[in-house]
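**Q** One-letter residues, chain by chain:
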Amino acid sequence: MVIYFQFSNIHAFTISKIDLSTLKINIKIVSLLIIQLSIIFFSYQIISNHISENINSDNNNISSVPQGINQVNESKFRQIEQFSSAYHKKIYDSQNLFLMFLSLNLLSFAGITVGIMHFMKADTSKQLKTEKLAIVGTLAARINHDLRNPLSIIKNSNEILKIELENNENPKVQEILDRMERSILRMNHQIEDVLNFVRPSILEKNLYSLCMIIQDSIERLDIPDEIVIKLPTNDQKILCDNEKLEIVFVNMISNAIHALKNKGRIQIRIDDSKKDFVIVEIEDDGPGMDSVTKNQIFDPLFTTKSHGTGLGLPSCKSIIENHGGSISVSSELGVGTTFKIKLPKNHE
Amino acid sequence: MATQVIVVEDDNDSREILSEYLEMKEIKVVAKAQNGKEAVEMYTKFQPEVVLLDIVMPGYDGFYALERIREFDNNAKVIFVTAATNATTQERLFKSDVDGIVFKPYEMDELMKAISIVKNGGKSIPKSVRSIVHG
Chain A
1 MVIYFQFSNI HAFTISKIDL STLKINIKIV SLLIIQLSII FFSYQIISNH
51 ISENINSDNN NISSVPQGIN QVNESKFRQI EQFSSAYHKK IYDSQNLFLM
101 FLSLNLLSFA GITVGIMHFM KADTSKQLKT EKLAIVGTLA ARINHDLRNP
151 LSIIKNSNEI LKIELENNEN PKVQEILDRM ERSILRMNHQ IEDVLNFVRP
201 SILEKNLYSL CMIIQDSIER LDIPDEIVIK LPTNDQKILC DNEKLEIVFV
251 NMISNAIHAL KNKGRIQIRI DDSKKDFVIV EIEDDGPGMD SVTKNQIFDP
301 LFTTKSHGTG LGLPSCKSII ENHGGSISVS SELGVGTTFK IKLPKNHE
Chain B
1 MATQVIVVED DNDSREILSE YLEMKEIKVV AKAQNGKEAV EMYTKFQPEV
51 VLLDIVMPGY DGFYALERIR EFDNNAKVIF VTAATNATTQ ERLFKSDVDG
101 IVFKPYEMDE LMKAISIVKN GGKSIPKSVR SIVHG
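Residue numbers (this note's numbering), protein chains in the order written: chain A, 1 to 348; chain B, 1 to 135.
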C-alpha cells in the first residue's frame, strides 16, 4: 500500500505538470487510470490471499506438533525443522510472487503512464488548437469591422480618382490605379476567407450550371498570360449555392496558378456519369505536393505560401461538405496535383 | 430633380468620401450626421428621399436611428451601409425591416443601384441576409 501511494504521488506530480484547468475529463485517460488501479488492487488481493492461504494451512500443521519440551522427540523435532524450512520456503516463494507482481505493476504503470501522457498531450494539443480557432473567430469579427471601413475608404477614393483622372494621358496613372484596385480586392478576399471559415455557412440553393459558375469564378481572377485554363467540354446543372461554389473555384484556381508560378496548364473536368452526384476535377501540371503537405492541406491555418491565412482550403471544404459533397486531393511530386470535388446533383 | 439623401457615418473619412462621390453622381447630400441621434434630428428637419445609415456608431447606433425614423415616418427609405457582417448583426439586419443593405467595401455602382431601387419603393437586400429566411 505504501508503494501504491508513492506511485500515486508520482502520477499526480506528472498530471500537475500539465495545466489541469485546461483539461476536460477524457474518457480514455479515466479508463486507463481505472485499469491501472484495478491491476494494482487485484494483484494485491491475489498476493494477500495466496500468502494467507499458505500461512493458514501451515498454521494447521503447526497445531499438530505436540506441545511441551518433554514430549518432543527427535522425529518431532525433525518435523518442526522440516516444517520450518518448508514454511520459510513458502514465505520465500510468496515474496518472489509478490516481487513478480510488483514488477508487472511497475511495467503496467510505466506503460499506462506513457499512454496517459500521450493522450493528454494529444488532448492538450487538440484543445489548444480549438482555443486558437475560437480566438481566430473572435478576432475575425473584430478585425472584419475595423479593416473593412478603411478598406472601403481606399476603394471609394480609388474609384473617384479613376473618374477624375479618366482623361489623363499618362498610361502609368491608370496602371497604378488598377494595381491599387487589385490589391484592395486581394485584401477583401483575405478577409472573406477568414469570415467564410468562422461564419456558419447558410446556403441558398437553386439550379445552376457548373460551367457558368466556373466561368464566373475565372472572371473574378486576374489570370496571368502564361496560364492556360482548359474548360470542361460538358456541363451539368446542380442544386447549389452558386456564390458559395464560386468561392470554392476561385480558391482552387487561384491556388493552382500560385503552384504553377503563373506559368502552366490548368484543366477542369466534369464527370456527370453517376446518377446522384457529379465530380469536378481541377488538375494542374505544377510541382505537386509531398505526402506531409497533402495530409495537412485542409487543416485550418496551414499554408505553404509566404502570405495568406491558411483558411482558404478549409473554407472550401466546409462549403462543399455543407452541400453534402466531399473534396479530396491526389498529388505527385514533379507531376502535378488534382483536386476532386464531389457534389450531389439533388435534382428535384 | 436630384435625389436627396442624408449620409450618417461616424468615421469622418468614410462620411466625406461617400458624400463626395454622391455629389459627383449628382445626388444631393442635404445633411450629414455622425450618430443615430443626429440622424433622427436631420431626418425630421430635411425629410430626404433616402437615408444612408451606418450601423456601428458611438452612442445611438443605426438600429436605434432606424426605429426612431420609422416612428416619425413609416415610409422613410433607409439603406444600411455597414462593415458589420457578423451573424448577430445579420440576424438583426433581417429583422429590422430596412429597405436596403450595402456591405463595405462596396462598388460605387452597387450603392447607386441600391439607392435607385429603394427610392422607387423596392428592396435591395443581399443574398447572405435574405438566406437567413431559408436557413
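Incorrect hints may appear among the rest.
No farther apart than 25 Å at their CA atoms in a straight line, the calculated lysine-lysine pairs in the DSS-like style are these [as the list claims (entries may be wrong)]:
hint, chain 1, residue 1, chain 2, residue 2
1, A, K237, A, K342
2, B, K113, B, K28
3, A, K275, A, K345
4, A, K162, B, K113
5, A, K345, A, K205
6, A, K162, B, K28
7, B, K113, B, K95
8, A, K274, A, K205
9, B, K25, A, K162
10, A, K237, B, K25
11, B, K45, B, K28
12, B, K95, B, K127
13, B, K123, A, K205
14, A, K274, A, K342
15, B, K45, B, K25
16, A, K205, A, K162
17, A, K205, B, K95
18, B, K127, A, K205
19, B, K127, B, K28
20, A, K237, A, K274
21, B, K127, A, K345
22, A, K275, A, K342
23, B, K119, B, K95
24, A, K340, A, K205
Sample of chain A residues lacking proximity to chain B, with all beta carbon distances greater than 10 Å (derived) [as the list claims (entries may be wrong)]:
hint, residue
25, N144
26, P224
27, S326
Hints in this document: simulated from the structure, not taken from any laboratory. All C-beta atoms in this analysis are idealised placements derived from N, C-alpha and C, irrespective of residue type, glycine included.
**Q** For every hint, state whether the structure bears it out.
**A** Verification of the hints:
{"no.": "1", "hint": "K237/A / K342/A", "verdict": "holds, 14 Å"}
{"no.": "2", "hint": "K113/B / K28/B", "verdict": "holds, 16 Å"}
{"no.": "3", "hint": "K275/A / K345/A", "verdict": "holds, 8 Å"}
{"no.": "4", "hint": "K162/A / K113/B", "verdict": "holds, 19 Å"}
{"no.": "5", "hint": "K345/A / K205/A", "verdict": "holds, 11 Å"}
{"no.": "6", "hint": "K162/A / K28/B", "verdict": "holds, 21 Å"}
{"no.": "7", "hint": "K113/B / K95/B", "verdict": "holds, 23 Å"}
{"no.": "8", "hint": "K274/A / K205/A", "verdict": "holds, 21 Å"}
{"no.": "9", "hint": "K25/B / K162/A", "verdict": "holds, 14 Å"}
{"no.": "10", "hint": "K237/A / K25/B", "verdict": "violated, 40 Å"}
{"no.": "11", "hint": "K45/B / K28/B", "verdict": "holds, 15 Å"}
{"no.": "12", "hint": "K95/B / K127/B", "verdict": "holds, 15 Å"}
{"no.": "13", "hint": "K123/B / K205/A", "verdict": "holds, 21 Å"}
{"no.": "14", "hint": "K274/A / K342/A", "verdict": "holds, 11 Å"}
{"no.": "15", "hint": "K45/B / K25/B", "verdict": "holds, 24 Å"}
{"no.": "16", "hint": "K205/A / K162/A", "verdict": "violated, 37 Å"}
{"no.": "17", "hint": "K205/A / K95/B", "verdict": "holds, 22 Å"}
{"no.": "18", "hint": "K127/B / K205/A", "verdict": "holds, 11 Å"}
{"no.": "19", "hint": "K127/B / K28/B", "verdict": "violated, 29 Å"}
{"no.": "20", "hint": "K237/A / K274/A", "verdict": "holds, 13 Å"}
{"no.": "21", "hint": "K127/B / K345/A", "verdict": "holds, 22 Å"}
{"no.": "22", "hint": "K275/A / K342/A", "verdict": "holds, 12 Å"}
{"no.": "23", "hint": "K119/B / K95/B", "verdict": "holds, 21 Å"}
{"no.": "24", "hint": "K340/A / K205/A", "verdict": "holds, 21 Å"}
{"no.": "25", "hint": "N144", "verdict": "violated, 6 Å"}
{"no.": "26", "hint": "P224", "verdict": "holds, 24 Å"}
{"no.": "27", "hint": "S326", "verdict": "holds, 22 Å"}
Hints 10, 16, 19, 25, counting from the list given before, are not met by this structure.
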